[in-house]
Amino acid sequence: MRNRTSGLILVLALGTAGCAADVDEQQTSKPPTSSEVQVAPSTESQIYAAVLRRLVLTDHTFGVGDPSPFKAVYVIDHRSSGISDSFFLAGGAAPLDESIQSEIERQSEELPLIEFIDTRESRIDPGGQGLTGVVNDGVVVGLSAISTRDDGAVEVGAGFWCGVDCGFGTTYLVENSDGWHVTENIGPTSIS
608 MRNRTSGLIL VLALGTAGCA ADVDEQQTSK PPTSSEVQVA PSTESQIYAA
658 VLRRLVLTDH TFGVGDPSPF KAVYVIDHRS SGISDSFFLA GGAAPLDESI
708 QSEIERQSEE LPLIEFIDTR ESRIDPGGQG LTGVVNDGVV VGLSAISTRD
758 DGAVEVGAGF WCGVDCGFGT TYLVENSDGW HVTENIGPTS IS
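Residue numbers (this note's numbering): 608 to 799.
No lab work stands behind these hints, which were simulated from the structure alone. Ideal Cβ placement from N, Cα and C applies to all residues, glycine included. Keep in mind that a hint or two might mislead.
[As the list claims (entries may be wrong)] Okay, the calculated beta carbon distance ranges per label pair:
(1) Ile798 to Ala700: 19 to 25 Å
(2) Ser649 to Glu722: 17 to 23 Å
(3) Ile731 to Ser649: 29 to 35 Å
All chains, please: the whole structure from these sequences, using the hints.
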């Protein structure tokens, strides 16, 4: 009788443990909530993030490559029309939507702090020159609209201003090969 009682207790214990495992599996396999779902960034934000990385980390005109001399990146929140604007800082064209701005920030963790601003003048350091012409040893960046080529690559005008004698502007060729990357500078380049 003792063996039957022990066997019955063992069967009940195993059955209960199995039920608990099923409940745990059900609880851990719930569908993700909307805040848990990672939405892929838009093509537009991927292109602009690639351009910002190239401009700030490589083409900053203070020697070769990393580290960037800039401690903050202030991006004009409107695209430049590019007309008579060699550094692409005169907004004037379509605004960068807040969702695009947020996506650009999320893709730019290797850059200094990014802040979107309405005008270059809002971040000028009146007493500074050269690299200190912008508050917080920063740089003001302008971006043009994206122009798609027949081959699927895109062109983006971009430039920065960091003081009276500190500026750079160019047009980049950006291609998608395992993600969007700047492949070369094309067209005229302006350096101050």
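Verification of the supplied hints:
no., hint, result
1, Ile798 to Ala700: 19 to 25 Å, "holds (23 Å)"
2, Ser649 to Glu722: 17 to 23 Å, "holds (20 Å)"
3, Ile731 to Ser649: 29 to 35 Å, "holds (31 Å)"
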